[in-house]
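A.B. asks: In case you want the letters, here they are:
Number of protein chains: 2
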Amino acid sequence: MKTIAITIKTVEKTGVLHQIAEKLAIKNFNIIYTHLFVEEDNTGTIYMEIEGVEDDHELINYVNSISDVTSVEFHKTLSDIYGKRVIVVGDGEFMAQAVKGGIMEAEKHNINGERISVDGMMIGGGTQIQEAIIAISRLPRVCALVLSGSMMGGKITNAITRLKESDKEIIVVTLQMPGDVLTASDVTVNDPVQAGAMAVRMVSDIDKLDVYNQII
Amino acid sequence: MKTIAITIKTVEKTGVLHQIAEKLAIKNFNIIYTHLFVEEDNTGTIYMEIEGVEDDHELINYVNSISDVTSVEFHKTLSDIYGKRVIVVGDGEFMAQAVKGGIMEAEKHNINGERISVDGMMIGGGTQIQEAIIAISRLPRVCALVLSGSMMGGKITNAITRLKESDKEIIVVTLQMPGDVLTASDVTVNDPVQAGAMAVRMVSDIDKLDVYNQII
Chain A
1391 MKTIAITIKT VEKTGVLHQI AEKLAIKNFN IIYTHLFVEE DNTGTIYMEI EGVEDDHELI
1451 NYVNSISDVT SVEFHKTLSD IYGKRVIVVG DGEFMAQAVK GGIMEAEKHN INGERISVDG
1511 MMIGGGTQIQ EAIIAISRLP RVCALVLSGS MMGGKITNAI TRLKESDKEI IVVTLQMPGD
1571 VLTASDVTVN DPVQAGAMAV RMVSDIDKLD VYNQII
Chain B
1391 MKTIAITIKT VEKTGVLHQI AEKLAIKNFN IIYTHLFVEE DNTGTIYMEI EGVEDDHELI
1451 NYVNSISDVT SVEFHKTLSD IYGKRVIVVG DGEFMAQAVK GGIMEAEKHN INGERISVDG
1511 MMIGGGTQIQ EAIIAISRLP RVCALVLSGS MMGGKITNAI TRLKESDKEI IVVTLQMPGD
1571 VLTASDVTVN DPVQAGAMAV RMVSDIDKLD VYNQII
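Protein sequence lines correspond, in order, to chains A and B.
Using our numbering, you'd call the opening residue of the first sequence number 1391 and step up by one each time.
Using our numbering, you'd call the opening residue of the second sequence number 1391 and step up by one each time.
In short, the hints are calculated from the structure, not lab data.
Do not rely on the hints blindly, as some may be mistaken.
Heads up, the list lumps identical chains together, so a pair's fine if it works in one copy or across two of them.
[Stated by the list, open to error] Straight line, CA to CA, 30 angstroms or less: simulated DSS-like cross-link-like pairs of lysine-lysine:
no.	residue 1	residue 2
1	Lys1399	Lys1545
2	Lys1554	Lys1598
3	Lys1474	Lys1399
4	Lys1399	Lys1554
5	Lys1545	Lys1498
In isolation and in its complexed conformation, chain A is listed as follows (with noise of 0.2 angstroms):
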């Protein structure tokens, strides 16, 4: 049994995604991640991760054999490929530098064999950056959060506990700044290169900085 990915085209009208779900569920075969896409020319794509295959011919040709499939592939998981996500979020030169630090650290853990990228999302404004933040629940992959400005607070704190209080485990690390954003993150850092570096760090399996353990 194990989890393989597939990318469904098909005709695009209302309702086709329950079709193939429904089809799939008949089978016991378990979406555990989906996305589907309605592209310009209106046909529909649908990307899936599927838990619990036991014969990937088998679940080809059964899916090839649903009305309204026009083609289906057979690839590794986005997971496998882009692995985890880091994000950065803020604006000025120190947020270009914080996503620079974490991209030369990235590179170390990818050529061993990890997977890590850094998203950098440039944006000022407290209402924008709290409504990025609290999306971020609902991206996948992400694993940490890197905030980088001059002074953050009040909205972008609450977004933040909010975060930390939904069901993803994302690490929060703040650039040193003025602003009671740095109650509610993990850890605060004053050098924006290393803000980047210290995020993949912590999410890394291997080289993984633990700095819970670094500040008793």
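Chain B: place on chain A using the hints.
C.D. replies: Structure of chain B alone, referenced to chain A:
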């Protein structure tokens, strides 16, 4: 009729997505993007963007009434919050510079109300880069790819050709380097910072750089 996003928390069991999609299909709601996770505590989270919604409250009440649904939350779509994604793939200092160029350029656009993020995937090795490029067509919101390395070609070039043939319209910017990768990309740029910035300007709606009209 508008597009709205909801997050549904459910009891996780095989087929629960099917049940929910079925209930939405009956009501003629059209799911245009969805993703589903299984959380560590074995509950499920379903994020859905749904087209053709006339009454938000009616939808939320309706979803709440479905068995196995524990909560429903209504919010902005991920596209509204995170916007377009530029992905930079490659390794070394130049790659970090390309990400930095993209991020600094994105700041200007985001201040003006756009949403563009830059995702750095620091990897080397033909096979790994090939996999990452092919899988980009399965990622949401990606508009441009920047390739930064010392030499790329062969299977990487084939992967770009395949990406170009997919339904997605993704701009490919490549650093000047040896290898036939240049033949498959849209633009070749000498300076890595400029390559990242250019990719952001090419996907922007405001202050858009129309490269094709510059090189005649």
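A.B. asks: None of the hints should be skipped; say for each whether it holds.
C.D. replies: Structure-based check of all given hints:
1. Lys1399 with Lys1545: between (41 angstroms within a copy, 24 angstroms between copies)
2. Lys1554 with Lys1598: Close inside one copy (21 angstroms), not across copies (38 angstroms); limit 30 angstroms.
3. Lys1474 with Lys1399: both (27 angstroms within a copy, 23 angstroms between copies)
4. Lys1399 with Lys1554: Intra 37 angstroms, inter 17 angstroms, cutoff 30 angstroms: inter-copy only.
5. Lys1545 with Lys1498: between (35 angstroms within a copy, 24 angstroms between copies)
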